[in-house]
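K.L.:
Next come the chains, spelled out residue by residue.
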Amino acid sequence: MIKTSFTLAGITFQNRVFVASGTYGYGDDCIGLADVDALGGIITKSLSMKPRDGNPPTRIVETASGMLNSIGLANIGVHKFVADKLPLLSTLSTKIIANIAASTIEEYCHVLEVLEPEKQVAGFEINVSCPNVKEGGLSFGTNCSLTAEITRRLRKLTKKPLIIKLTPNVTHVSEFARAVEAEGADAVSVMNTLIGMAVDLRTQKPALSTVTGGLSGPAVKPIALAKVYETARAIRIPVFGIGGIVTARDALEFLVVGAAAVQVGTANFVDPSAGMAIAKGIEEYCKEHGVEDVSTLIGSLQVKSDLSVLQSWL
Amino acid sequence: MRTDHYRVTSVQLLADNIFLLGFVAPFIAENVRPGQFINLRTTYASEPLLRRPFSVCSVHDDTVSIIFNAIGKGTELLCRKKPGDLLDVLGPLGVPFSIDGNQFDTAILVAGGLGIAPLPITQMHLKRMGKSVQCFIGTRTKESLPGLGLENLHVATDNGSEGFHGNVVDLLMHIVPSFSGERVKLFGCGPTPMLKALASFALERNIPCEVSLEGPMACGFGICQGCPVELNGSEKKYALMCKEGPTFDIRRVIF
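These protein sequences, in sequence, are chains A and B.
Numbering-wise (our numbering), the first sequence opens with residue 1 and increments by one.
Numbering-wise (our numbering), the second sequence opens with residue 315 and increments by one.
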């Protein structure tokens, strides 16, 4: 029996594969389409105090092995989430992590306070890194002292797992990771999308209504691996690795560079069962390689040049 | 809706770069309604990454067909599929045209270009319900008009090489007076400018009208929130094209 579970701030998750915020709705849309109970957890679409309409069309465009999005945090608002979605989610055995986005520090606190008493909410992931909204979003996530301040304020309001989702759109993501660790965060998620852009040459217009958007998908995986590697070496708290994970092999690479768990994002749009297949694939890898506990893979990177790389490339 | 892998049975060139692709999909064949769509992977590799949405065109026994113009990375791959190839398909998706009930006797189906896609299945269901069906198609030229077995067909071409010389809504204006006295409903599918013209035509004459919209989408069932359609009125600002559409009553949307 391979040990796949792990514990974060007193909450045990059955495995290390999660679905990333904004890529699985509130979880309910996928019940019946995929075996959501086989996931380590579902991280909800970002919730704000009031409902948000989101950005005008066009919100998404495909790019080389990836996509740009500019959804703009469209969501039903935290109260409607509690009233309409949580009862359904309580029938699931997988853990629900509520992602919170806000325009002010006070709003982050209020949303968390609404969710804190709900026992179906196992923990919180804080989005300080959305590139697609005018207020809040990146203006928090690219300011280290504001990111630390948000963490400090929220830490006082909950003992549940508190995960801060960081942006790669800074010089050193590890500085931000150290700052939130110091303020008592239980984990960080690395990374949110990279700012990107696409142009329609025919019309000479930007492909997205907001001109720039967030790049995700297999195209960003090498960048994400480097950001996770940088972060995991800088802090003691766990890192959720995110960025272009499609297969179990991708997920295992993130564990090897130091991620304690992974989040599957864009791949869900193509295959809502991608996360379950990855969780299964990690177990199979462990069986084949005599690994008894997935945790032994974390940070197992052997940093020295090796010509065998050539073989896997060819 | 569900995801499954289905076998391609045929890929046929119907008209200028326009293909009809059939695959055996009993679940979709049994459940799909007119105006609904499927979202399929054109490759198992990561490029192109996203699924591609297509209206279901027709259903014969267990075989479901889609029609497409081979103009992009995904459709280039699709037109080279061979009988026996596997297709990863999610569907059926979306809200179908409202054809039930007793609000109309004659359905007028109006399509521009590849907007012809949902017409065969819609015609089939309407006829089964005993409705009278008229089809209006606008294309660029005679060569870009796919033959799909539509009945009571009125054609308009931009260059006059077949049927009426002009656009399909102008053609409609010429012919619709002959339906006065009948209870008519319009169903439209095609490029946005054509749908706009159709919508004003319908609103001016107070004829009920539904349109099927198209636009970029990733997941096809609501989790990516990528396909907003602006709504008319105060209900909320946007609906999702994939989940609350792609068919909409023209009075409900701003497009």
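Simulated from the structure, these hints should not be mistaken for lab results.
Treat the hints with care, since some could be wrong.
Claimed, not checked - With a straight-line Cα cutoff of 27 Å, these simulated DSSO-like cross-link-like pairs (lysine-lysine) come out:
| hint | chain 1 | residue 1 | chain 2 | residue 2 |
| --- | --- | --- | --- | --- |
| 1 | B | K551 | B | K510 |
| 2 | A | K119 | A | K159 |
| 3 | A | K3 | A | K80 |
| 4 | B | K387 | A | K205 |
| 5 | A | K159 | A | K205 |
| 6 | B | K387 | A | K85 |
| 7 | A | K80 | B | K550 |
| 8 | A | K119 | A | K304 |
| 9 | A | K205 | A | K3 |
| 10 | A | K50 | B | K551 |
| 11 | A | K119 | A | K50 |
| 12 | A | K287 | A | K50 |
| 13 | B | K441 | B | K396 |
| 14 | A | K85 | A | K159 |
| 15 | B | K445 | B | K551 |
| 16 | A | K159 | A | K50 |
| 17 | B | K445 | B | K387 |
| 18 | A | K156 | A | K119 |
| 19 | A | K85 | A | K50 |
| 20 | A | K205 | B | K445 |
| 21 | A | K85 | A | K3 |
| 22 | A | K85 | A | K119 |
| 23 | A | K50 | B | K456 |
| 24 | B | K551 | A | K80 |
| 25 | A | K50 | B | K510 |
| 26 | A | K50 | A | K156 |
| 27 | B | K456 | A | K205 |
| 28 | B | K557 | B | K456 |
| 29 | B | K510 | B | K550 |
| 30 | A | K80 | A | K159 |
| 31 | A | K80 | B | K441 |
| 32 | A | K85 | B | K456 |
| 33 | A | K50 | A | K3 |
| 34 | B | K550 | B | K387 |
| 35 | B | K445 | A | K85 |
Unchecked claim - Covered by chain A, according to a simulated footprint, are these stretches of chain B (three or more residues, beta-carbon under 8 Å):
| hint | stretch |
| --- | --- |
| 36 | 319–333 |
| 37 | 426–435 |
| 38 | 558–569 |
If you're wondering where the values come from, they're calculated on a predicted model, not measured in any experiment.
We treat Cβ as the ideally placed atom computed from N, Cα and C, and that holds for glycine.
K.L.:
With reference to the structure, classify each hint as holding or not holding.
P.N.:
Hints and how they fare:
1. Note on B:K551 and B:K510: the hinted pairing holds, with a Cα-Cα distance of about 19 Å set against a maximum of 27 Å.
2. With a CA separation close to 12 Å, the supplied pair A:K119 and A:K159 stays within the 27 Å bound.
3. The straight-line distance between the Cα atoms of A:K3 and A:K80 is roughly 37 Å, outside the 27 Å bound, and the hint therefore fails.
4. Proximity of B:K387 to A:K205 is assessed by CA-CA distance (about 21 Å); at most 27 Å being required, the pair is judged to hold.
5. A hinted pair counts as satisfied when its Cα atoms are at most 27 Å apart, and A:K159 with A:K205 does not qualify at roughly 48 Å.
6. Pair hint B:K387 plus A:K85 does not hold up; C-alpha atoms about 38 Å apart against a cutoff of 27 Å.
7. Taken as a hint, the A:K80 and B:K550 pair is honoured in the structure, with Cα atoms around 14 Å apart against an allowance of 27 Å.
8. Under the criterion of a C-alpha separation no larger than 27 Å, the hint pairing A:K119 with A:K304 is inconsistent with the structure, at around 46 Å.
9. Between the alpha carbons of A:K205 and A:K3 the distance comes to roughly 51 Å, so the proposed pair goes past 27 Å and is violated.
10. This hinted pair checks out: A:K50 and B:K551 have alpha carbons roughly 14 Å apart, not beyond 27 Å.
11. Among the hinted pairs, A:K119 with A:K50 is consistent with the structure: their alpha-carbon atoms are about 22 Å apart, no more than 27 Å.
12. Our distance criterion of 27 Å between C-alpha atoms is broken by A:K287 and A:K50, whose separation comes to about 47 Å.
13. Using a Cα cut-off of 27 Å, the hinted pair B:K441 and B:K396 is violated, with the two alpha carbons roughly 33 Å apart.
14. With a CA separation close to 23 Å, the supplied pair A:K85 and A:K159 stays within the 27 Å bound.
15. Taking the CA atoms of B:K445 and B:K551, the gap is near 35 Å; set against the 27 Å cutoff, the hint is violated.
16. Between A:K159 and A:K50 the alpha-carbon distance is near 24 Å, which keeps this suggested pair within the 27 Å criterion.
17. About 39 Å separates the Cα atoms of B:K445 and B:K387, which puts this hinted pair outside 27 Å; it is violated.
18. Taking the CA atoms of A:K156 and A:K119, the gap is about 18 Å. The hint holds against a cut of 27 Å.
19. A C-alpha spacing of about 15 Å is found between A:K85 and A:K50, which places the hinted pair at or below 27 Å, so the restraint holds.
20. Restraint check for A:K205 and B:K445: not satisfied, since their Cα atoms lie roughly 45 Å apart, outside the 27 Å limit.
21. Taking the CA atoms of A:K85 and A:K3, the gap is near 31 Å; set against the 27 Å cutoff, the hint is violated.
22. Straight-line distance between C-alpha atoms of A:K85 and A:K119 comes to about 13 Å, which keeps the hinted pair within the 27 Å bound.
23. Of the supplied pair hints, the one linking A:K50 and B:K456 is violated, its CA atoms being roughly 53 Å apart against a limit of 27 Å.
24. For a cut-off of 27 Å, the pair hint linking B:K551 to A:K80 stands: about 17 Å separates their Cα positions.
25. Proximity of A:K50 to B:K510 is assessed by CA-CA distance (about 33 Å); at most 27 Å being required, the pair is judged violated.
26. This hinted pair checks out: A:K50 and A:K156 have alpha carbons roughly 23 Å apart, not beyond 27 Å.
27. With a C-alpha separation of about 32 Å, the suggested pair B:K456 and A:K205 falls outside the 27 Å cut-off, and the hint is violated.
28. Note on B:K557 and B:K456: the hinted pairing is violated, with a Cα-Cα distance of about 35 Å set against a maximum of 27 Å.
29. A distance of roughly 21 Å separates the Cα atoms of B:K510 and B:K550; the hinted pair therefore holds under the 27 Å criterion.
30. The hinted pair formed by A:K80 and A:K159 meets the criterion: a straight-line CA distance of about 24 Å does not exceed 27 Å.
31. About 43 Å separates the Cα atoms of A:K80 and B:K441, which puts this hinted pair outside 27 Å; it is violated.
32. As the CA atoms of A:K85 and B:K456 are separated by approximately 52 Å, the hinted pair breaks the 27 Å bound.
33. Taking the CA atoms of A:K50 and A:K3, the gap is near 41 Å; set against the 27 Å cutoff, the hint is violated.
34. Using a Cα cut-off of 27 Å, the hinted pair B:K550 and B:K387 is violated, with the two alpha carbons roughly 35 Å apart.
35. Pair hint B:K445 plus A:K85 does not hold up; C-alpha atoms about 41 Å apart against a cutoff of 27 Å.
36. Closer than 8 Å: that is the beta-carbon criterion, and the stretch 319–333 of chain B has 0 residues meeting it against chain A, so the requirement of 3 is violated.
37. Beta-carbon proximity to chain A at under 8 Å applies to 0 residues in the stretch 426–435 of chain B; the threshold of 3 is not reached and the given coverage is violated.
38. Counting residues of the stretch 558–569 of chain B whose CB falls under 8 Å from any CB of chain A gives 0; the rule of at least 3 is not met.
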